[in-house]
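Q: Sequence:
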Amino acid sequence: MSRFFATGSDSESEESLSFEEAPPKASGGNFKQSLLLSDDEEDTKRVVRSAKDKRFEELTNLIKTIRNAMKIRDMAKCLEEFEQLCRAFLKSKNIVDKEGVPSFYIRLLADLEDYLNQLWEDKEGKKKMNKNNAKALSTLRQKIRKYNRDFEAEITSYKENPQESADEEEEKEEDDSEGSSSESERDDEDGVSAKSFLKKKPEGVSEASKFLKSAKESGDESSSSDDDDDGEGWGEDTEESGSESSGDEEGKSKSLATVFLKKTAGPDRPSIKKSEKKKKIQKVRLEEEQLEGEGEEGDGPWEKVKGGVPLLKEKPKMFAKGTEINTAVVVKKLNEILQARGKKGTDRAAQIDLLHALAAISNENNLGQGILVKIKFNIIASLYDYNPNLAAFMKPDMWKKCLDCIDELLDILFENNNIFIGENIAEDSENLAVSEQPFRVRGCILTLAERMDEEFTKIMQNTDPHSQEYVDNLKDEGRVCGIIDRLLSYMENKGSTEEICRVYLRRIMHTYYKFDYKAHRRSLGLQGETKSEQDQEESEGEDSAVIMDRLCKFIYAKDRTDRIRTCAILCHIYHHALHSRWYQARDLMLMSHLQDNIQHADPPVQILYNRTMVQLGICAFRQGMIKDAHNALLDIQSSGRAKELLGQGLLMRNMQERNAEQEKIEKRRQVPFHMHINLELLECVYLVSAMLLEIPYMAAHEFDARRRMISKQFHHQLRVGERQPLLGPPESMREHVVAASKAMKMGDWRTCHSFIINEKMNSKVWDLFPETQRVREMLVRKIQEESLRTYLFTYSSVYDSISMQTLSEMFELEIPTVHSIISKMIINEELMASLDQPTQTVVMHRTEPTSLQNMALQLAEKLGSLVENNERIFDLKQGVYGGYFNRDQKGGYQQKQSYQRDQKGSYQQKQGGYQRGGYRNQNQGGY
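Sequential numbering of the sequence shown, starting at 1, is according to full-length UniProt numbering.
Just so you know, these hints were derived from the structure itself, not from any lab. Quick caveat, the model's predicted, so the values are computed rather than measured. It cannot be assumed that every hint is accurate.
[Unchecked claim] Derived lysine-lysine pairs resembling DSSO-like cross-links, with alpha carbons at most 27 Å apart:
{"id": "1", "residue 1": "K333", "residue 2": "K159"}
{"id": "2", "residue 1": "K321", "residue 2": "K159"}
{"id": "3", "residue 1": "K400", "residue 2": "K518"}
{"id": "4", "residue 1": "K518", "residue 2": "K764"}
{"id": "5", "residue 1": "K123", "residue 2": "K343"}
{"id": "6", "residue 1": "K77", "residue 2": "K91"}
{"id": "7", "residue 1": "K333", "residue 2": "K344"}
{"id": "8", "residue 1": "K664", "residue 2": "K344"}
{"id": "9", "residue 1": "K760", "residue 2": "K627"}
{"id": "10", "residue 1": "K64", "residue 2": "K54"}
{"id": "11", "residue 1": "K91", "residue 2": "K123"}
{"id": "12", "residue 1": "K558", "residue 2": "K518"}
{"id": "13", "residue 1": "K146", "residue 2": "K343"}
{"id": "14", "residue 1": "K712", "residue 2": "K664"}
{"id": "15", "residue 1": "K877", "residue 2": "K782"}
{"id": "16", "residue 1": "K54", "residue 2": "K93"}
{"id": "17", "residue 1": "K400", "residue 2": "K344"}
{"id": "18", "residue 1": "K64", "residue 2": "K143"}
{"id": "19", "residue 1": "K131", "residue 2": "K143"}
{"id": "20", "residue 1": "K143", "residue 2": "K127"}
{"id": "21", "residue 1": "K321", "residue 2": "K395"}
{"id": "22", "residue 1": "K343", "residue 2": "K664"}
{"id": "23", "residue 1": "K321", "residue 2": "K400"}
{"id": "24", "residue 1": "K54", "residue 2": "K91"}
{"id": "25", "residue 1": "K146", "residue 2": "K91"}
{"id": "26", "residue 1": "K862", "residue 2": "K877"}
{"id": "27", "residue 1": "K344", "residue 2": "K514"}
{"id": "28", "residue 1": "K343", "residue 2": "K135"}
{"id": "29", "residue 1": "K343", "residue 2": "K159"}
{"id": "30", "residue 1": "K458", "residue 2": "K475"}
{"id": "31", "residue 1": "K343", "residue 2": "K458"}
{"id": "32", "residue 1": "K862", "residue 2": "K824"}
{"id": "33", "residue 1": "K77", "residue 2": "K98"}
{"id": "34", "residue 1": "K123", "residue 2": "K344"}
{"id": "35", "residue 1": "K128", "residue 2": "K98"}
{"id": "36", "residue 1": "K333", "residue 2": "K343"}
{"id": "37", "residue 1": "K64", "residue 2": "K98"}
[Claimed, not checked] Ranges between beta-carbon positions, derived for each pair:
{"id": "38", "residue 1": "L726", "residue 2": "N94", "range": "44 to 52 Å"}
{"id": "39", "residue 1": "Q773", "residue 2": "E666", "range": "35 to 43 Å"}
{"id": "40", "residue 1": "R781", "residue 2": "V843", "range": "35 to 43 Å"}
For each residue, glycine too, the CB sits at the ideal point set by N, CA and C.
Let's have the full structure, built from the sequences with the hints guiding it.
A: Here's what the structure looks like:
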């Protein structure tokens with residue numbers, strides 16, 4: 001049995017699918033139940049909506065709410081609903097990516113922005129607003145301007161050709177009918193008419209529209225008279241009339257009764273009878289049908305009007321019809337366009353389009369290449385100005401346009417040798433007309449190319465390095481380098497020495513960090529290639545080493561600024577070190593004396609210096625120069641801020657040390673990801689170098705209390721390893737180095753070798769070197785040699801003599817190598833022994849104390865220092881004269897005591913001894 005009970009009513013809608021509930025009537029204790037179903041109930045089917053429909057319905061509902069809030073100027077509601085709309089749009093991102101941004105969404109963004117600008121300009125209306133609405137208006141205006149930047153292209157195309165879908169039209173009509181009552185009241189209060197958001201009639205008014213107008217006027221008169229009688233504008237039967245008017249909406253637009261009829265019912269007057277209302281509604285419907293028929297027969301169907309906000313102005317025409325287009329007219333138009341540059345509210349995208357159109361007009365009228373070059377300069381400058389924020393990077397479409405424009409400009413400059421450009425050319429002295437050749441144009445192509453290079457760096461800095469997008473953006477470096485190469489050849493012919501140095505440095509900065517695999521293969525002399533293939537490979541281009549040498553030497557000779565020369569030297573050293581030219585890199589660094597005054601350089605140059613020193617240390621390690629490698633890497637690694645010093649990221653700090661503005665500046669100095677140095681490889685190289693130096697030194701000075709630490713970071717890692725309660729197999733790179741160090745302490749080079757060189761360490765570190773096998777062989781050799789030295793330091797007191805043959809087999813070294821290591825230790829007085837040449841043995845002299853004697857010496861030394869500390873503390877407690885000088889322990893104290901006993905005589909004698917002449921007489925006479 002159903003739980004719904006219903007009774008019929010006059011206001012019941014014929015198309016309603018809902019059940020209406022009425023209280024049951026009692027008759028003899030039984031309830032009569034009657035269930036009234038609509039006629040279409042049986043035909044209704046369950047509708048399954050797609051995700052797209054659900055999302056778009058959510059968006060349209062929010063848009064409807066925003067438009068209602070716009071009509072009543074409720075800015076707080078607008079702001080709240082707009083934020084919800086943005087969140088709903090983010091949820092619909094997957095659908096929008098497939099289907100595109102819906103037109104109704106773009107329409108709302110455009111209408112809302114124009115509406116807010118209109119309100120903002122209406123100062124009287126703003127004064128009447130309450131605080132909440134005024135604050136919400138300001139906030140919403142800023143948000144919509146920022147938000148609309150992402151949809152500039154779509155909004156521009158919509159404004160050029162505004163269209164409304166049928167759904168939006170219906171929604172608008174519904175809004176108009178529902179909000180008509182509240183609009184008429186609020187228009188008088190707020191001063192801004194919501195009629196600007198109603199439909200606008202076309203200029204050519206048909207008879208039907210005239211009839212509507214007269215009907216509306218008569219409706220207004222009657223409503224005004226009703227208002228005078230009532231005292232209150234609106235009646236209580238709003239809901240009833242709304243339900244009645246919604247009866248026959250199918251197949252037609254909404255009844256016009258809701259537009260120009262007011263429901264007049266007040267508390268002091270009886271309401272109009274329902275029958276009279278029905279008659280009025282039927283009459284209006286008949287009139288509407290007649291009007292529609294007349295419209296179809298006479299003037300054709302009614303036009304859809306562009307609604308929402310005031311119509312936008314059309315694009316300004318370039319030139320009036322019949323204007324003779326010459327150079328002067330084009331230059332005047334160009335100056336007009338440029339006057340708006342940088343002003344608040346200027347549409348930067350439209351400005352770029354106007355400049356492109358002006359260039360096309362110049363080409364069509366054959367005004368010459370001079371004016372075209374000037375326009376191109378301004379187009380590129382406008383593209384750079386598109387993002388006013390320095391930290392923001394160019395969008396992909398603008399970036400492509402920029403590269404294309406610079407290429408086109410260079411094409412023009414290469415094709416026409418009679419064009420002279422320069423910053424020193426004044427605008428008054430420019431020659432742009434065809435008759436005034438050679439052309440003279442104000443501008444600097446080098447500045448544009450430098451800005452392009454900086455924009456490319458910003459794009460790479462702001463792209464996720466682990467995404468495919470980064471790889472796609474990195475492909476543009478080929479075009480950037482190509483433009484710089486073309487500019488380089490142009491400047492070599494027409495540029496000054498200073499400009500040539502600047503463009504050379506740009507080329508160097510794109511070359512110094514790249515490993516030249518072609519030159520590396522040629523140096524190795526790979527077998528299996530035919531001579532023709534090698535010749536072909538060599539003819540593809542000269543080595544990067546030759547290019548770097550030529551460019552850097554020109555800068556060394558010609559540059560007048562220290563900064564360009566410093567950068568060129570550092571890049572040259574880095575390139576040498578990257579290609580394992582250790583001696584050239586080291587000599588250039590020592591001759592430049594950069595390490596003496598690099599602290600006075602600007603931060604980007606200091607970052608470049610740090611990168612160069614790190615690369616120099618890694619190069620020394622590859623060459624087996626362990627001590628040089630450690631010294632080069634010591635400053636960077638000991639600071640604990642290698643990541644920050646190399647410009648590869650920021651460390652977390654307190655806001656006191658670095659505020660938000662400083663953080664932004666430091667982020668702009670970061671090196672793009674493809675130029676990074678592997679920090680794990682760097683730390684491994686440093687720790688292995690420290691291990692090879694520190695472990696033999698620790699073994700040699702095991703009982704020396706005053707021994708110094710070579711590497712604090714290495715000792716810290718050893719202490720961390722010793723503090724672990726449970727030692728498992730090493731996992732990280734640091735744990736491998738610590739485990740290898742412990743094995744080397746015992747002289748076990750095989751275990752040490754297995755911890756340093758294994759599959760895990762190969763994949764993390766050693767395989768990243770270009771000459772992997774040679775580095776591994778060098779490491780094995782160094783581990784064997786240093787393990788031998790450690791073994792001799794540790795166990796020399798145990799042996800009377802030891803055979804070099806035994807040592808050679810134990811450490812798998814050749815006898816001459818063992819001989820040279822031991823000889824060097826004896827010469828440096830590290831090992832007290834002598835070599836017996838006939839028997840090939842090392843005879844120990846046993847001059848070193850045994851371990852027990854060493855421990856006894858250490859104890860005695862510590863006790864002595866403890867006694868001295870106690871005596872000093874005791875003397876300080878007793879006071880200087882009463883305690884320290886009166887003690888009778890040592891000769892020195894007694895001597896001081898003698899000065900204290902006879903204070904007048906001996907002390908004066910002391911004063912006289914140290915202060916002769918006038919000072920003594922002064923003391924005797926004055927005191």
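Q: Work down the list of hints and note, for each, if the structure agrees.
A: Hints versus structure:
1. Between K333 and K159 the CA atoms are separated by roughly 24 Å; this keeps the pair inside 27 Å, and the hint holds.
2. Our distance criterion of 27 Å between C-alpha atoms is met by K321 and K159, whose separation comes to about 24 Å.
3. With a C-alpha separation of about 30 Å, the suggested pairing of K400 with K518 is violated against the 27 Å cut-off.
4. Taken as a hint, the K518 and K764 pair is honoured in the structure, with Cα atoms around 25 Å apart against an allowance of 27 Å.
5. Distance hint between K123 and K343 is fulfilled; the C-alpha atoms sit about 22 Å from each other, no more than 27 Å.
6. With a C-alpha separation of about 21 Å, the suggested pair K77 and K91 falls inside the 27 Å cut-off, and the hint holds.
7. Proposed proximity of K333 and K344 is supported: the alpha carbons are some 20 Å apart, at most 27 Å.
8. About 25 Å separates the Cα atoms of K664 and K344, which keeps this hinted pair within 27 Å; it holds.
9. A hinted pair counts as satisfied when its Cα atoms are at most 27 Å apart, and K760 with K627 qualifies at roughly 26 Å.
10. Restraint check for K64 and K54: satisfied, since their Cα atoms lie roughly 15 Å apart, inside the 27 Å limit.
11. Under the criterion of a C-alpha separation no larger than 27 Å, the hint pairing K91 with K123 is inconsistent with the structure, at around 37 Å.
12. Simply put, K558 and K518 have alpha-carbon atoms about 30 Å apart, too far for the 27 Å limit, and the pair is violated.
13. In summary, the hint linking K146 to K343 is supported, as the alpha carbons are separated by about 17 Å, within the 27 Å threshold.
14. Distance restraint check for K712 and K664: the Cα-Cα separation of roughly 33 Å exceeds the 27 Å cut-off, and the hinted pair is therefore not satisfied.
15. For the proposed pair K877 and K782, the alpha carbon gap of about 56 Å is over 27 Å, so the pair is violated.
16. Taking the CA atoms of K54 and K93, the gap is near 13 Å; set against the 27 Å cutoff, the hint holds.
17. Taking the CA atoms of K400 and K344, the gap is near 26 Å; set against the 27 Å cutoff, the hint holds.
18. With a C-alpha separation of about 19 Å, the suggested pairing of K64 with K143 holds against the 27 Å cut-off.
19. About 18 Å separates the Cα atoms of K131 and K143, which keeps this hinted pair within 27 Å; it holds.
20. Of the supplied pair hints, the one linking K143 and K127 holds, its CA atoms being roughly 22 Å apart against a limit of 27 Å.
21. The hinted pair formed by K321 and K395 fails the criterion: a straight-line CA distance of about 37 Å is larger than 27 Å.
22. Pair hint K343 plus K664 holds up; C-alpha atoms about 26 Å apart against a cutoff of 27 Å.
23. The suggested pairing of K321 with K400 is violated, with an alpha-carbon distance near 34 Å, which exceeds 27 Å.
24. With a C-alpha separation of about 11 Å, the suggested pair K54 and K91 falls inside the 27 Å cut-off, and the hint holds.
25. The suggested pairing of K146 with K91 holds, with an alpha-carbon distance near 20 Å, which does not exceed 27 Å.
26. Between K862 and K877, the direct Cα distance comes to roughly 23 Å. Compliance with the 27 Å bound is thereby established for this hinted pair.
27. Between the alpha carbons of K344 and K514 the distance comes to roughly 44 Å, so the proposed pair goes past 27 Å and is violated.
28. Restraint check for K343 and K135: satisfied, since their Cα atoms lie roughly 25 Å apart, inside the 27 Å limit.
29. For a cut-off of 27 Å, the pair hint linking K343 to K159 stands: about 21 Å separates their Cα positions.
30. Restraint check for K458 and K475: the C-alpha separation of about 15 Å stays at or below 27 Å, so the hint holds.
31. Between the alpha carbons of K343 and K458 the distance comes to roughly 25 Å, so the proposed pair stays at or under 27 Å and holds.
32. For the hint pairing K862 with K824, the CA-to-CA distance comes to about 33 Å; that exceeds 27 Å, so the pair is violated.
33. This hinted pair does not check out: K77 and K98 have alpha carbons roughly 31 Å apart, beyond 27 Å.
34. Note on K123 and K344: the hinted pairing holds, with a Cα-Cα distance of about 19 Å set against a maximum of 27 Å.
35. Under the criterion of a C-alpha separation no larger than 27 Å, the hint pairing K128 with K98 is inconsistent with the structure, at around 45 Å.
36. A distance of roughly 17 Å separates the Cα atoms of K333 and K343; the hinted pair therefore holds under the 27 Å criterion.
37. Proposed proximity of K64 and K98 is supported: the alpha carbons are some 24 Å apart, at most 27 Å.
38. Distance hint check: the CB atoms of L726 and N94 are about 49 Å apart, consistent with the given range 44 to 52 Å.
39. Checked against the hint of 35 to 43 Å, the C-beta distance between Q773 and E666 comes to roughly 40 Å, which is consistent with it.
40. Distance hint check: the CB atoms of R781 and V843 are about 27 Å apart, inconsistent with the given range 35 to 43 Å.
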